[in-house]
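Enquirer: First to last, the protein sequences are chains X and A.
Numbering of the first sequence is given in the UniProt record's numbering, commencing with residue 1 and proceeding in unit increments.
Numbering of the second sequence is given in the UniProt record's numbering, commencing with residue 1 and proceeding in unit increments.
If you are wondering where the hints come from, they were derived from the structure by calculation, not from laboratory data.
This one's a predicted model, so the numbers in the text were calculated from it and none came from an experiment.
Hints should not be assumed to be uniformly reliable.
DEER-style ranges, computed between Cβ atoms [what the hints assert, rightly or not]:
{"no.": "1", "chain 1": "X", "residue 1": "D40", "chain 2": "A", "residue 2": "E80", "range": "36 to 46 Å"}
{"no.": "2", "chain 1": "A", "residue 1": "L203", "chain 2": "X", "residue 2": "E29", "range": "36 to 46 Å"}
{"no.": "3", "chain 1": "A", "residue 1": "T81", "chain 2": "X", "residue 2": "D134", "range": "21 to 31 Å"}
{"no.": "4", "chain 1": "A", "residue 1": "H138", "chain 2": "X", "residue 2": "P128", "range": "43 to 53 Å"}
{"no.": "5", "chain 1": "X", "residue 1": "D134", "chain 2": "A", "residue 2": "D134", "range": "29 to 39 Å"}
{"no.": "6", "chain 1": "X", "residue 1": "D134", "chain 2": "A", "residue 2": "D133", "range": "38 to 48 Å"}
{"no.": "7", "chain 1": "X", "residue 1": "A51", "chain 2": "A", "residue 2": "H45", "range": "42 to 52 Å"}
{"no.": "8", "chain 1": "A", "residue 1": "Q129", "chain 2": "X", "residue 2": "P128", "range": "19 to 29 Å"}
All C-beta atoms, glycine included, are put in the ideal place defined by N, C-alpha and C.
Number of protein chains: 2
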Amino acid sequence: MHPALTLYSYWRSSAAYRVRIGLNLKGLEYAIVPVHLVRDGGQQHAPAYAALNPQQLVPALRDGPHLLTQSLAILDYLEETRPAPPLLPAEPAARARVRALAQLVACDVHPLNNLRVLQFFDRHWHVPQSERDDWVQHWIHTGFTALEAQLAGTGQSGRFCYGDAPGLADCCLVPQLYNARRFGLPLDGFPTLLRIEAACLALPAFDAARPENQPDAA
Amino acid sequence: MHPALTLYSYWRSSAAYRVRIGLNLKGLEYAIVPVHLVRDGGQQHAPAYAALNPQQLVPALRDGPHLLTQSLAILDYLEETRPAPPLLPAEPAARARVRALAQLVACDVHPLNNLRVLQFFDRHWHVPQSERDDWVQHWIHTGFTALEAQLAGTGQSGRFCYGDAPGLADCCLVPQLYNARRFGLPLDGFPTLLRIEAACLALPAFDAARPENQPDAA
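I would like the entire structure built from these sequences, with the hints used as guidance.
Expert: Put into structure tokens, the structure is as follows:
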């Protein structure tokens, strides 16, 4: 019997990593279809995948007749269709806080640093690797500085980004820390982020979602 | 008597423009506190505002004791606390579709083109204006091409991005089209987006939210 859910994923995509964590936290079975973002000129640009997702990005999630795109929209969909355990708190202002923390990463950090942006700098502007790395580090550092300020020194953070259960903001934070290390960003200034990351990665749901634990890992 | 809601806004910020549309669609009264993103070295960096929003970005919304950030999180909060009229359809897969359309703009187009990114190119890399404009046009064109494909030729789009009532995706589309014109992107290839924009701007909720109709417009 096949699982009802199919995730189009790439091991090192941090947007796909977010959704893998969410699926695992909810204890859902899913099949992975790897989409290699570099091989064959980028398999996300192949006609069959572009027909599924005109944005030609991963992740996408198939749930029976529905094909869903955008990692945060997918996580909200899972929250609405498989509510337990929840990724969001119950109270509206608390939900807004968690969503804002997630969007700080998913809107204001990650899109600036993903593969297609770095390819633009290389191909159109011939920006050297070292300056591309400076760019990535700049935006992660900017985002993490604000995130550390929002998480430290508030009673709303607990063992995780919000309280003592992992949720939507943690789904975004952990992949972004993975990216930060890939690009050599020093992380000493972010003790709260590192503390939360350690608590997350101690959980099987996060560990199984790690890039290096994917079937398509290099 | 003061309205309960206060929006920290900048007339030309497309993220603030989204929230103004959402507030207007729901018929909510709100006070505007202008935050000038260029004057005084950027009023969003002033200590008083940075204490409210460590990301030093607009918009932020105050609702009584709650200070909310990130435009999409704010719109979800309004949807949860002031549900009528709704910005999202009722069924989970339909909600996910509308959220994905909104995030296509809010995650994958706008963050690449906002003021702080263009300032980085100018100050750190000395990228000429014409190449900065090419960059902006490239990412809007890429996003709009996918959005046009997702909206055209599906029975799910109607007078607006989803069906015949304006909603979350329209709140994101209209400000992005405003930005596209600012940066001189030809729009002939996007007839569905233009048709939906015209339907939106015919509504007082969208018209009142336009940059040029703000108290802080230049």
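Enquirer: Would you mind marking each hint as holding or not holding in the structure?
Expert: Each hint, compared with the structure:
Checked against the hint of 36 to 46 Å, the C-beta distance between X:D40 and A:E80 comes to roughly 43 Å, which is consistent with it. Checked against the hint of 36 to 46 Å, the C-beta distance between A:L203 and X:E29 comes to roughly 44 Å, which is consistent with it. In this structure, A:T81 and X:D134 break the distance hint of 21 to 31 Å, their C-beta atoms being roughly 42 Å apart. With their beta carbons about 20 Å apart, A:H138 and X:P128 fall outside the hinted range of 43 to 53 Å.
Range check, X:D134 to A:D134: Cβ separation about 21 Å, and the 29 to 39 Å hint is violated. Evaluation of the 38 to 48 Å hint for X:D134 and A:D133 yields a failure: the beta carbon distance comes to about 23 Å. A hinted range of 42 to 52 Å for the beta carbons of X:A51 and A:H45 is consistent with their spacing of about 45 Å. Range check, A:Q129 to X:P128: Cβ separation about 22 Å, and the 19 to 29 Å hint holds.
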